[in-house]
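Chemist: The residues making up each chain are set out below.
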Amino acid sequence: MEFTASQIASFIDGKIIGDENALITGVSPIESGESGHLSFIAQDRFSHFLDTSKCSVIIVSENLVEKDNYNPTVIAVKDAYLSFQVLMNLYQEMQGRKEGIEDGSSIHDTAVIGDRAYIGAFTYVSEKAKIGEGTQIYPHVYIGKGVKIGKNCKIDSGARIYDYCIIGDNCVIHSNTVVGGDGFGFQPTAEGFRKIPQLGNVIIEDDVEIGSNCSIDRATIGSTVIGKGTKIDNLIQIAHNVKIGQNNVIAAQAGIAGSTTIGDWNQIGGQVGVVGHIKIGNQVKIQAQSGVNSSVGDRETLYGSPAISYNDYLRNYVHFRNFTEIVKRINNLENTSKDHTNE
Amino acid sequence: MEFTASQIASFIDGKIIGDENALITGVSPIESGESGHLSFIAQDRFSHFLDTSKCSVIIVSENLVEKDNYNPTVIAVKDAYLSFQVLMNLYQEMQGRKEGIEDGSSIHDTAVIGDRAYIGAFTYVSEKAKIGEGTQIYPHVYIGKGVKIGKNCKIDSGARIYDYCIIGDNCVIHSNTVVGGDGFGFQPTAEGFRKIPQLGNVIIEDDVEIGSNCSIDRATIGSTVIGKGTKIDNLIQIAHNVKIGQNNVIAAQAGIAGSTTIGDWNQIGGQVGVVGHIKIGNQVKIQAQSGVNSSVGDRETLYGSPAISYNDYLRNYVHFRNFTEIVKRINNLENTSKDHTNE
Amino acid sequence: MEFTASQIASFIDGKIIGDENALITGVSPIESGESGHLSFIAQDRFSHFLDTSKCSVIIVSENLVEKDNYNPTVIAVKDAYLSFQVLMNLYQEMQGRKEGIEDGSSIHDTAVIGDRAYIGAFTYVSEKAKIGEGTQIYPHVYIGKGVKIGKNCKIDSGARIYDYCIIGDNCVIHSNTVVGGDGFGFQPTAEGFRKIPQLGNVIIEDDVEIGSNCSIDRATIGSTVIGKGTKIDNLIQIAHNVKIGQNNVIAAQAGIAGSTTIGDWNQIGGQVGVVGHIKIGNQVKIQAQSGVNSSVGDRETLYGSPAISYNDYLRNYVHFRNFTEIVKRINNLENTSKDHTNE
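Protein chains in written order, with the UniProt record's numbering: chain L, 1 to 343; chain Z, 1 to 343; chain W, 1 to 343.
Bound conformation, chain L alone (with noise of 0.2 Å):
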């Protein structure tokens, strides 16, 4: 990353205070400012960096620019986060994506890969796959037999995606993740448990960013299904057969056990359990750590485990945190009690 501070205001319209010709090569948050970096202000309480921040370029929300003159060479614009949204977007846009077949990757002979694909070194693509343009995957993948990817997506180092899994357009699909697993499935006898053949799948709908070492297990017939937008953390469980409809967002370190549906745009908290065989509506507000043990409806918001309505565990909690004092009281009620009885 090498711009101007003219290059950085052409690319945002913005109007520049101080020197056109300040260089800059990185990115720091604003607390931690750089020397050669650019950082953003957006809110009245980093105002004060303007005067102290080592960054040689800094983009300014316009109502927050106070002086024609500061140390930093400022750049400013109507929305100073949007903005630099922007240009980070541009920037990453500017690296490029990776293109071509690497040495060293097997491929089988029926497998078809897109256009302007990328499959890194090591990566095993079995038969009868199906990669998209434009699609990249990263060295030590596996992909199994008949899976369909679509494109533009980007499948991380170290992903499994298991025989028959189908993927949308522009997902992704970070490292070390499982997709296709078979799921936990198995019939107690006398003997021991007897494995539940897991012959279903998962599909994966369009725009899914699944996190890293995530485990997204099989159906035992039929799909397991991320629906479309959804957007799903690292280290989380979804059983098999479970149906995610659209624009959810999951927290890291959450589990979905199996059969449950969940429906579009909820919010699931980190280290969240839901119990299988359930039903989650939409617009629904799980808090972090909540155990749900059955169905929900639209636009709830729980905490718990068992999960309750939030703000009845949060009124219920305050009187356990003073659970020690009420029983005193109880104990000062018994005693006066007694006394009025022995009167």
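It should be emphasised that the hints constitute simulated quantities derived from the structure, not laboratory data. A quick note: this is a predicted structure, and the numbers were derived from the prediction, not measured. Keep in mind that the hints are not guaranteed to be accurate.
It does not matter which identical chain is used: a pair holds within one copy or between any two.
Result set (DSS-like, lysine-lysine): computed pairs, CA atoms no more than 30 Å apart in a straight line [to be verified]:
1. K195 - K15
2. K128 - K154
3. K15 - K78
4. K78 - K195
5. K148 - K54
6. K279 - K54
7. K154 - K195
8. K151 - K195
9. K98 - K128
10. K54 - K145
11. K228 - K128
12. K328 - K285
13. K130 - K151
14. K15 - K67
15. K228 - K54
16. K130 - K54
17. K195 - K285
18. K128 - K54
19. K228 - K151
20. K228 - K98
Given the structure of chain L, go ahead and fit chains Z and W onto it with the hints provided.
Modeler: Coordinates of chains Z and W only, in the frame set by chain L:
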């Protein structure tokens, strides 16, 4: 997969009602049947699908068959669920096992590979490792020094089996699971934590299945043990020197801390935590998200963090949910008591 | 491993009681000693094993030695536990480090590999990466662009170190851990979530150990930091822009949400969750499964979800366990009160 109704009926000794030449090429859950697919009905509450399903062939428990003509071809059997399982197992066997050593694997000269084993591309087998007959090791697996793996195992892509670990017969280890990583052992000193060497191993007995992305740590000295027939789901932590008995079922994201001993036939729920150095008996059930912090006798059922008896937890949690009301009642009692005292 | 009792005694300056030629080929915990193995006894409660153990050689703290003849060969030392540690460290050093670049690795022309480093087969090193002297990188590791790894590190099979991350000296990163995956940052829009580019990196300081299957996300801008000497167990989530200080110990399956700052010498239990954007001081202890949702001062001990003082939690939880009895007492009081009122 391509079978006729009559082929399927012959596998499971069923009676055909309808077109014996109906062709199936896949399997659907009964709730989302597709033309050309097979499904099954074993419970009365699904019987209505006999009239509405798009499936071409449905296996039905004979007591649920009421007409002699349905839209799909019906195969009547005694127990549709069991027959369907038999069929799925047959189908999975037909898929065949992989055999042979793929180009691009790296196998040390001193390693011993059994007959009919499969070693995938990019799999690394270290010195003196021993792989049993018919065992399938998929691409990108790491097998350390002196590791012994029994017969007819399946080790999925990206699993890591570290030095001197031992795996029995008929085991399945799913993708990206790490067997035999160092236990978490450090000695505090004034300057920081000093690593305690972890020189033991992991022993996995016959018929064990371990899901994806699990961490099973090696013992400090001696062995971490997973007993015969135990089934472990995804993203599970088994710390150093843990001993787990036979036929346990452990659900996703549970964690067992160091040196704890677990008996036979226990059911441990998802996201459960068990502290170190305790003993859990046999046939214990631990509810999801519980935290077990002391030893547990046989046949107990537990819930909560710290875990107590399941029934006690639920009974007390009902009061927790009404805690605000309960405190109001105490307020009222205090007011009444004051009135009395002031009388 | 093959040593005589006299060789072992010479390493740890011990006094032999018994056969100085007794040969050991392995190590056992004292509870499950095996013939031909070495063990140790440092506490009185294990002294009875001196008479019953099958071990061939036992290192014993001299104050526990009472006879001049035992069945196993005894090596008397001042502190058997310490001597055993010394021995295990010696043994591990004898195993030797791996060196050299194995066939089948893929190393970019512009990468720099230090003296005596080991690069395993199927490991991928990207452009301009720099690997320090004596660092061992096992098979199947992915090293991104511009990554810098210090001296004498060990990176286990299947770890992924993404672009521009920096790792200090003497670090250990276990199998399948992902360092520098994208942080979980999305901007909600009416149509769905738009990805916020994650352009920072991860900095891991000297002497850090990270277990298997962890996810340490890169910062949005700036750096996610793991401080010197901090030890992290398995299956742990460290979100973007988290800053962790020195000499912390974090147990398995804990998760730290984005932008949280953690001081020095803290102990964070298994399955703990810490919310984003808070500050945790120094020498704090957080009990397993707790959920920390606000900033924490120095030297506190916490428990519960949301976490409160450890003692308060336990004291109040005792009442929770008796909640049904407590409600009965309130019922009685109300009945008595009614009687009084009706008097």
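Chemist: State for each hint whether it applies.
Modeler: Against the structure, the hints come out as follows:
1. For the identical chains of this complex, K195 and K15 are inter-copy neighbours only, at 27 Å across copies versus 66 Å inside a copy, given an alpha-carbon limit of 30 Å.
2. Both within a single protomer and between protomers do K128 and K154 lie at most 30 Å apart by alpha-carbon distance, with minima of 20 Å and 22 Å respectively.
3. Taking CA atoms no more than 30 Å apart as the test, K15 paired with K78 passes inside one copy only; the shortest distance there is 10 Å, against 75 Å between copies.
4. In the homo-oligomer, the alpha carbons of K78 and K195 lie at most 30 Å apart only across protomers (21 Å), although the nearest pairing inside one protomer, at 61 Å, exceeds that limit.
5. In this homomeric assembly, K148 and K54 come within 30 Å of each other (Cα to Cα) only across copies, at 25 Å, whereas the closest approach inside a single copy is 49 Å.
6. Within a single copy, K279 and K54 get their C-alpha atoms only as close as 52 Å, which misses the 30 Å cut-off; across copies the closest is 24 Å, which meets it.
7. Taking CA atoms no more than 30 Å apart as the test, K154 paired with K195 passes between copies only; the shortest distance there is 13 Å, against 33 Å inside one copy.
8. When the C-alpha separation of K151 and K195 is checked against a cutoff of 30 Å, the pair qualifies only between copies, where the shortest distance is 17 Å, while the shortest distance within a copy is 36 Å.
9. Within a single copy, K98 and K128 get their C-alpha atoms as close as 23 Å, and across copies as close as 16 Å, so both meet the 30 Å cut-off.
10. Proximity of K54 to K145 under the C-alpha cut-off of 30 Å is restricted to the inter-copy arrangement: shortest distance 27 Å between copies versus 54 Å within a copy.
11. In this assembly of identical chains, K228 and K128 lie within 30 Å of each other by CA distance solely inside one copy; the values are 25 Å within and 37 Å between copies.
12. Proximity of K328 and K285 under a CA criterion of 30 Å is satisfied inter-copy only: 29 Å between copies versus 36 Å inside one chain copy.
13. Taking the closest pair of Cα atoms, K130 and K151 come within 30 Å of each other only inside a single copy of the chain (10 Å); across copies the shortest separation is 33 Å, beyond that limit.
14. Taking the shortest alpha-carbon separations for K15 and K67, only the intra-copy value of 13 Å comes in at or below 30 Å, while the best inter-copy value is 80 Å.
15. Proximity of K228 and K54 under a CA criterion of 30 Å is satisfied inter-copy only: 26 Å between copies versus 42 Å inside one chain copy.
16. When the C-alpha separation of K130 and K54 is checked against a cutoff of 30 Å, the pair qualifies only between copies, where the shortest distance is 28 Å, while the shortest distance within a copy is 50 Å.
17. Taking the closest pair of Cα atoms, K195 and K285 come within 30 Å of each other only across two copies (21 Å); inside a single copy the shortest separation is 35 Å, beyond that limit.
18. Only between protomers do K128 and K54 lie at most 30 Å apart by alpha-carbon distance; the minimum there is 27 Å, versus 55 Å within a single protomer.
19. When the C-alpha separation of K228 and K151 is checked against a cutoff of 30 Å, the pair qualifies only within one copy, where the shortest distance is 14 Å, while the shortest distance between copies is 42 Å.
20. With identical chains, the CA atoms of K228 and K98 are at most 30 Å apart within one copy only, with a shortest distance of 25 Å there and 35 Å across copies.
Taken one by one, the earlier hints all hold for this structure without exception.
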